[in-house]
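Here the protein sequences come in this chain order: A and B.
For the first sequence, numbering that gives the first Met the number 0 gives the first residue as 0, with consecutive numbering after it.
For the second sequence, numbering that gives the first Met the number 0 gives the first residue as 0, with consecutive numbering after it.
A portion of the hints provided could be inaccurate.
[To be verified] Short derived list, chain B residues pointing at chain A, Cβ under 10 Å:
1. 5
2. 7
3. 8
4. 14
5. 26
6. 42
7. 52
8. 53
9. 55
10. 59
[Unchecked claim] Which chain A residues stay away from chain B? Per the calculated CB distances, all over 12 Å, these:
11. 22
12. 96
13. 162
14. 171
15. 174
16. 327
Keep in mind that the hints were calculated from the coordinates and are not lab data.
Beta carbons are placed, not taken as given, at the ideal position from N, Cα and C, and that holds for glycine.
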Amino acid sequence: MIRIEVSYRAILFIALMLVSLWALTKLWPIILLILTAFIFHTALLPYVEWLVRKGLPRTLSVLLILLAIMGVLAGLSALVVPAMVDEFTNLKSDLPEDAKDLENLLDDFGIHVELEQRARDIDWDHLISGSAAVDYGQRALTILLGIITVVVLTAYLLVDTPRLSRFVYQFVPPGREPEMEHFLTAMNRVVGGYIRGQVVTSACIFVYTLIVLLAVGVPNAVAFAVLAAFVDIIPLIGATIAVVFPTVAAFRESPTQAIIVLALLMAYQQFEDRLLTPRVYGQTLNLPPLVVLVAVLVGGQLLGIVGVLLAMPAAAVARVGFDYWMERRGPAAPPTGPIEELLAPDEPAMEKEAVRGRRTRRRKV
Amino acid sequence: MAVERGVGKCEQNHAGSFGYPTRPNEPYDFCPQCGNPMVWHCPNCRSPLPDDPGELISARFCRNCGSPYFPHSEDETDR
């Protein structure tokens, strides 16, 4: 009969782990907000430190930077939201006709789908007003509260960075501080670099898409440019979305316009992939495509769109952790097995003896 | 101006540091654990001690000039 003995400490450890997991699942939305705040903290910290070095008080520096960011976002919203509302109104009226065009196109390829009728069947009043509006309002309120929480948490983290640093360093044994410093610097470089780089690439794709669509005369140009800036954050599929939707919209105008839009947007994707991204990010991320793919799939499965957005910084942090662990492991230990294993199988036995003799002599010395 | 930071050790291989959060701002003279003198740089060329924890503990001689960090290390090489 097998007898299993479990110590009280093991039982306590398992119980503690289970309680931690339960707490983690219950508190996950809050943990997510804190993680997001830490990511923004890392991205904004260099600018706060720069202002502090210039002689500004830390709190004022944090306020200035957050106000500047909110000002830029408010300006962009003022520019984009009215245009998007107009474009949504156009979309609502044009949808049955566009669906009919697409249906005819698909018919030419032998695909028969009832798109026009479906477009006419959409109950816009139900979607826009009544209970749906309450639902959208609740969702918008939740998102707004989340954004406010992240902004406040980021501000606190930025103001309290020196105290936070002291808190972390008190757990570091004497003499190991440089190691911790290297690790934190690497984390800051990777996460902060990713966020700052993403802002640059999103801004570039927004401006480029807007110019191209306005020049070609594609309707809803602002909305598609905003869409391109947002989907640029999504790894792997973001580039495709940024190209496909404006091309389909251009196709409604004329096939020539669609070809021009497709060619120009694809040319930009090549420019971004081959020139812009390597220059902006440098070696910040340096993740193999397979790792990116797995990270995006795992992030999407666990947290949906938020997981997809957090996949890249999370994978980059995991890489820093892995590099740190590999460095701490040090170089691989020299083989200590029998000498025969070190030599090729066809090596003469005499030579093996000679090697063994040399080793013994070295040991004696 | 950046705060000066560094690591050091005593003859008993007790590591120490200064300039980091929660640590003294200046290098201190004696080890708080055993009371032996602390070494923060090479006595000959003033190069700092290695900041890798493993190297810091194992280093007995300066990587830059080869001088021993402690007088006893010199005696050991003479033997």
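Here's how the hints hold up against the structure:
1. Taking 10 Å as the C-beta contact cut-off toward chain A, the hint placing residue 5 of chain B at the interface holds, the least distance being around 9 Å.
2. The beta carbon of residue 7 of chain B comes within 8 Å of a beta carbon in chain A, closer than 10 Å, and the hint placing it at the interface holds.
3. Evaluation of the residue 8 of chain B hint against chain A yields a held restraint, the C-beta minimum of about 7 Å falling below 10 Å.
4. Below 10 Å, beta-carbon pairs count as interface contacts, and residue 14 of chain B has one with chain A at about 3 Å; its hint therefore holds.
5. Using the Cβ-Cβ criterion of 10 Å, the hint placing residue 26 of chain B at the interface with chain A is not satisfied: the shortest such distance is roughly 13 Å.
6. Below 10 Å, beta-carbon pairs count as interface contacts, and residue 42 of chain B has none with chain A, the closest being about 19 Å; its hint is therefore violated.
7. At its closest, the beta carbon of residue 52 of chain B sits 5 Å from a beta carbon of chain A; the interface hint therefore holds under the 10 Å criterion.
8. Interface restraint check: residue 53 of chain B against chain A, minimum CB-CB distance 7 Å, threshold 10 Å, status holds.
9. Hint on residue 55 of chain B holds. Least Cβ distance to chain A is approximately 6 Å, under the 10 Å limit.
10. Residue-level restraint check for residue 59 of chain B is violated (minimum Cβ-Cβ distance to chain A is 16 Å; threshold 10 Å).
11. Annotated as non-interface, residue 22 of chain A keeps its C-beta farther than 12 Å from every C-beta of chain B; the closest such distance is 29 Å.
12. No beta-carbon of chain B is positioned within 12 Å of the beta-carbon of residue 96 of chain A; the least distance is around 65 Å.
13. At roughly 9 Å from the closest C-beta of chain B, the C-beta of residue 162 of chain A falls inside 12 Å, breaking its exclusion from the interface.
14. Annotated as non-interface, residue 171 of chain A brings its C-beta within 12 Å of a C-beta of chain B; the closest such distance is 8 Å.
15. Here residue 174 of chain A does not stay apart from chain B, with its beta-carbon only about 3 Å from theirs, under the 12 Å limit.
16. Not every Cβ of chain B is farther than 12 Å from the Cβ of residue 327 of chain A; the closest lies at roughly 8 Å, contradicting the non-interface assignment.
Violated hints, listed in ascending order, are 5, 6, 10, 13, 14, 15, 16; each of the other numbered hints is respected by the structure.
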